[in-house]
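Taking the UniProt record's numbering, the leading residue of the sequence shown gets 1, the next gets one more, and so forth.
For the record, the hints were derived by calculation from the structure and aren't laboratory data.
Remember, predicted model here, so these are calculated numbers, not experimental data.
Beta carbons are placed, not taken as given, at the ideal position from N, Cα and C, and that holds for glycine.
Just to be clear, a hint being listed does not mean it is correct.
DEER-style ranges, computed between Cβ atoms [to be verified]: (1) Asp51 to Pro147: 27 to 37 Å; (2) Gly160 to Asn213: 56 to 66 Å; (3) Asp51 to His7: 16 to 26 Å; (4) Gly211 to Ser18: 46 to 56 Å; (5) Lys56 to Asn179: 30 to 40 Å; (6) Gly178 to Gly41: 35 to 45 Å.
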Amino acid sequence: MPVNIYHDDDADVNIVRSKTVAFIGYGNQGRAQALNLRDSGVNNIVIGNIDDDYAKQAREDGFDPVSIEEAVRQGNVLMLLIPDEDQQTVWNEKIRQNIKSNTTLVVASGYNVAFNLLDLPDDMDVVMVAPRMIGAGVRDRYVQNIPYPCFVSVEKDASGTALATCLSIARAIGATRGNGAVGSSCREEAGIDLFAEQALWPEIMAIFREGYN
Numbered sequence: 001m002p003v004n005i006y007h008d009d010d011a012d013v014n015i016v017r018s019k020t021v022a023f024i025g026y027g028n029q030g031r032a033q034a035l036n037l038r039d040s041g042v043n044n045i046v047i048g049n050i051d052d053d054y055a056k057q058a059r060e061d062g063f064d065p066v067s068i069e070e071a072v073r074q075g076n077v078l079m080l081l082i083p084d085e086d087q088q089t090v091w092n093e094k095i096r097q098n099i100k101s102n103t104t105l106v107v108a109s110g111y112n113v114a115f116n117l118l119d120l121p122d123d124m125d126v127v128m129v130a131p132r133m134i135g136a137g138v139r140d141r142y143v144q145n146i147p148y149p150c151f152v153s154v155e156k157d158a159s160g161t162a163l164a165t166c167l168s169i170a171r172a173i174g175a176t177r178g179n180g181a182v183g184s185s186c187r188e189e190a191g192i193d194l195f196a197e198q199a200l201w202p203e204i205m206a207i208f209r210e211g212y213n
């Protein structure tokens, strides 16, 4: 089965520039992607975060963080970039009841979407933009104009324009440069991560331990 590869020419960055992008979390991926979007001309960015060290960092970076609930109320693109294990609770307690109509949900990890752990509105688009590296690398490579690997997918297309929005975001964070972003799915991305975390890396660590002993 052929794999779709998306490059800068496939994406219109003006789409995301016309949106209000709400970040849920300003940690590993949140900070990098927010800064990349801003440097790509996305001016309407809202940072939703509890009042902690990440919120302090957001202020130092020139943002004015608000509560997660308020960020969701303002945004028509929601970047859900908190840890997988926290997403369902935060979604149920702070996000779901505050979502506007015709909003796009963007995830960088496919787990909670793949396993249907989020109660999604019928009119919501759901896409994945999943850089295959830590946030610091996403930021550094954007600044240095160096490509990096990234998975993209459309999981739910209520509007009929979800792919265009997905690719616009991917381009704005620098993910469609060079060899491009690779078409995938949340289930595939989650499966790769679970295999690496539960099978591959434990075996590698066991080999190191045996070699040392």
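Now the hints, each set against the structure:
Separation of Asp51 from Pro147 is about 36 Å and conforms to the stated range, judged on CB atoms against 27 to 37 Å. Range check, Gly160 to Asn213: about 59 Å between beta-carbon atoms, so the 56 to 66 Å window is met. Checked against the given bound of 16 to 26 Å, the beta carbons of Asp51 and His7, roughly 40 Å apart, lie outside it. Between Gly211 and Ser18, the C-beta spacing of about 55 Å keeps the proposed range 46 to 56 Å intact.
Restraint check, Lys56 to Asn179: a C-beta distance of roughly 36 Å satisfies the suggested window 30 to 40 Å. A hinted range of 35 to 45 Å is violated for the C-beta pair Gly178 and Gly41, which are about 20 Å apart.
The earlier numbered hints that this structure contradicts are 3 and 6.
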